[in-house]
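A.B. asks: Each number in the numbering used here corresponds to the 1-based position in the first sequence with 211 added.
These aren't lab readings, by the way, just hints derived from the structure by calculation.
There is no bait here: all hints are sound.
Straight-line C-alpha distance at most 25 Å; calculated DMTMM-like pairs for lysine to aspartate or glutamate:
hint	residue 1	residue 2
1	Lys514	Glu487
2	Lys454	Glu263
3	Lys515	Glu497
4	Lys454	Asp256
5	Lys515	Asp503
6	Lys648	Glu633
7	Lys648	Glu619
8	Lys602	Glu640
9	Lys454	Glu258
10	Lys648	Asp607
11	Lys602	Glu619
12	Lys515	Asp464
13	Lys602	Glu637
14	Lys454	Glu406
15	Lys320	Asp352
16	Lys320	Asp310
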Amino acid sequence: MAPRVRFAPSPTGFFHVGSARTSLFNWLYARHTGGTFVLRIEDTDTERNRDEWQAGILSAMDWLGLSYDEGPYLQSSLIGDHTAAAEALYDAGHLYACDCTREAIDERKKDAAKPGYDGFCRDRGLPRSSQTALRFAVPRDGETVVHDVIRGDVTFANVNYEDFVVVRPNGVVLYPLANLVDDRSIRISDVIRGEDLLPTTPKQIMMWEALNNCAGVEAVPLPRYAHLPMLVNEQRKKLSKRKDPVAVESYRDQGYLPEAFVNYLALLGWSPRSGEELVSRDVLVEQFALEDVSHSPAFFDVKKLTHLNGEYLRAMPLETFIEAARPWVAPWSSSWRPTTPPPWSEREFDEDLFARVAPLVQERLTTLGEVPAMVGFFFTEVTLDEAAFEKTIGSDPLGQTMLAVAIERFGGLTWSATTLHEATAELGEALGLALRKAQAPIRCAVTGTLVGPPLFESLEILGRETVLTRLHDALARVSA
RNA sequence: GGUCCCAUCGUCUAGUGGCCUAGGACAUCACCCUCUCAAGGUGGAGGCACGGGUUCGAAUCCCGUUGGGACUGCCA
Numbered sequence: 212m213a214p215r216v217r218f219a220p221s222p223t224g225f226f227h228v229g230s231a232r233t234s235l236f237n238w239l240y241a242r243h244t245g246g247t248f249v250l251r252i253e254d255t256d257t258e259r260n261r262d263e264w265q266a267g268i269l270s271a272m273d274w275l276g277l278s279y280d281e282g283p284y285l286q287s288s289l290i291g292d293h294t295a296a297a298e299a300l301y302d303a304g305h306l307y308a309c310d311c312t313r314e315a316i317d318e319r320k321k322d323a324a325k326p327g328y329d330g331f332c333r334d335r336g337l338p339r340s341s342q343t344a345l346r347f348a349v350p351r352d353g354e355t356v357v358h359d360v361i362r363g364d365v366t367f368a369n370v371n372y373e374d375f376v377v378v379r380p381n382g383v384v385l386y387p388l389a390n391l392v393d394d395r396s397i398r399i400s401d402v403i404r405g406e407d408l409l410p411t412t413p414k415q416i417m418m419w420e421a422l423n424n425c426a427g428v429e430a431v432p433l434p435r436y437a438h439l440p441m442l443v444n445e446q447r448k449k450l451s452k453r454k455d456p457v458a459v460e461s462y463r464d465q466g467y468l469p470e471a472f473v474n475y476l477a478l479l480g481w482s483p484r485s486g487e488e489l490v491s492r493d494v495l496v497e498q499f500a501l502e503d504v505s506h507s508p509a510f511f512d513v514k515k516l517t518h519l520n521g522e523y524l525r526a527m528p529l530e531t532f533i534e535a536a537r538p539w540v541a542p543w544s545s546s547w548r549p550t551t552p553p554p555w556s557e558r559e560f561d562e563d564l565f566a567r568v569a570p571l572v573q574e575r576l577t578t579l580g581e582v583p584a585m586v587g588f589f590f591t592e593v594t595l596d597e598a599a600f601e602k603t604i605g606s607d608p609l610g611q612t613m614l615a616v617a618i619e620r621f622g623g624l625t626w627s628a629t630t631l632h633e634a635t636a637e638l639g640e641a642l643g644l645a646l647r648k649a650q651a652p653i654r655c656a657v658t659g660t661l662v663g664p665p666l667f668e669s670l671e672i673l674g675r676e677t678v679l680t681r682l683h684d685a686l687a688r689v690s691a
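Taking the hints into account, I'd like the entire structure generated from these sequences.
C.D. replies: This is the structure:
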């Protein structure tokens with residue numbers, strides 16, 4: 212039977228790169244096997260749950276192209292199932308009432324050999340009330356084995372587990388059971404999730420099997436488990452929402468492409484058998500195998516992501532690139548827009564002009580967010596880099612001469628990149644300047660900086676009038 | 001503290017007992033190309049955590065040590 216996998220985020224913050232990776236691996240597995248990818252939102256933590264986070268998850272998944280086949284199911288709408296399962300477990304004697312307070316437990320724990328709850332109420336036969344939680348009676352002996360697809364069999368001795376709380380005094384069923392009941396209801400066959408959940412898996416297996424033996428409960432086969440290695444930061448700690456730059460949305464904002472992001476994420480903890488690193492989504496789907504997932508944690512390296520992004524950017528057909536850049540260069544005509552607007556106005560911007568400029572910048576970018584700064588001088592006044600001006604013009608008489616002769620020569624020139632190139636070379640030569648030196652003051656005067664797109668093509672596009680004006684302005688600035 | 005997981009260049013990884021003088025990619029350094037900056041090309045430096053076994057032979061298998069991490073909630 213085709214696998215059924217699920218991604219079950221809780222909407223308690225920005226969509227996290229770790230979650231994105233988990234989601235991607237589930238998606239890849241489903242697509243590779245022809246299975247079903249189910250989305251379930253675990254929205255039962257009313258304290259931290261927020262609608263905007265939920266919308267954020269959906270939009271980030273959409274951006275990454277992680278399409279789901281079923282759902283989204285809302286965990287909050289499945290609460291009836293959770294309660295029914297808890298009742299069945301209670302009736303079968305797997306759950307018992309406990310009225311111990313945290314303080315009482317901690318007090319007894321002081322001189323106990325083992326930390327955690329000591330099973331104090333297990334045999335007290337307390338009646339259920341609004342003051343009692345329900346705990347799962349963990350077998351005192353034996354062991355539970357997790358048959359993990361990635362790690363092999365992992366054995367846990369049952370004595371290491373305390374009788375954990377399953378239902379709060381107010382009747383709310385807690386995560387370990389709720390999550391498992393939903394997986395049963397939705398008939399999940401393969402649970403692919405972060406390694407941080409490996410130690411709690413035995414609890415879920417115990418409850419799953421207990422449930423299968425309860426009267427009136429349909430037996431459901433245990434899912435296969437696959438625990439993915441963690442994503443860590445430079446300190447080798449699990450990525451933290453608080454301290455690490457993990458919001459997927461912020462990568463989109465900076466101008467990373469979804470294809471590059473997906474490609475990079477897939478390479479964290481997995482590598483295709485072909486050994487290639489630039490891997491299209493189709494090839495990812497074709498080659499992905501859970502068995503090939505690595506065992507050790509991976510560091511999320513933005514530098515490598517950035518490199519990959521540059522590769523994707525350069526590989527794009529020009530028209531695709533122009534459209535991809537739209538949110539950054541013409542946000543007013545885009546349905547989605549980054550937080551930082553371009554330094555020009557809608558009136559100043561010119562679509563056709565940008566189309567001519569685009570090929571000049573496409574190959575020198577790593578992210579789309581860099582576009583506005585790189586092409587700003589085409590659409591608005593130059594933003595002068597003072598240090599660059601001082602170096603090439605302000606304190607350099609030859610630079611000033613260069614500007615003066617250029618103004619004279621450019622005035623009567625047939626206007627093209629080639630002729631501008633030749634003219635500049637000749638003028639420089641006459642002054643004993645190599646082309647790299649000769650072009651610097653012109654570049655600075657016209658673009659404001661010493662680095663940028665190819666100069667002569669830029670001059671051609673900018674036009675004689677603008678170029679001459681800027682050369683004059685730069686010269687005037689010296690005498691001022 | 002307890003339980004569990006993990007361990008190849010700085011980083012992501014290839015490697016499943018001989019093909020390993022350990023391969024690739026990012027980052028880094030040098031040079032080339034070049035109107036700047038990129039891109040590209042060429043080359044360099046850089047790693048099997050340690051100690052025992054097993055074996056004719058170990059990065060690869062076993063044990064131990066060390067190191068790192070996760071979990072240990074009436075959050076999800």
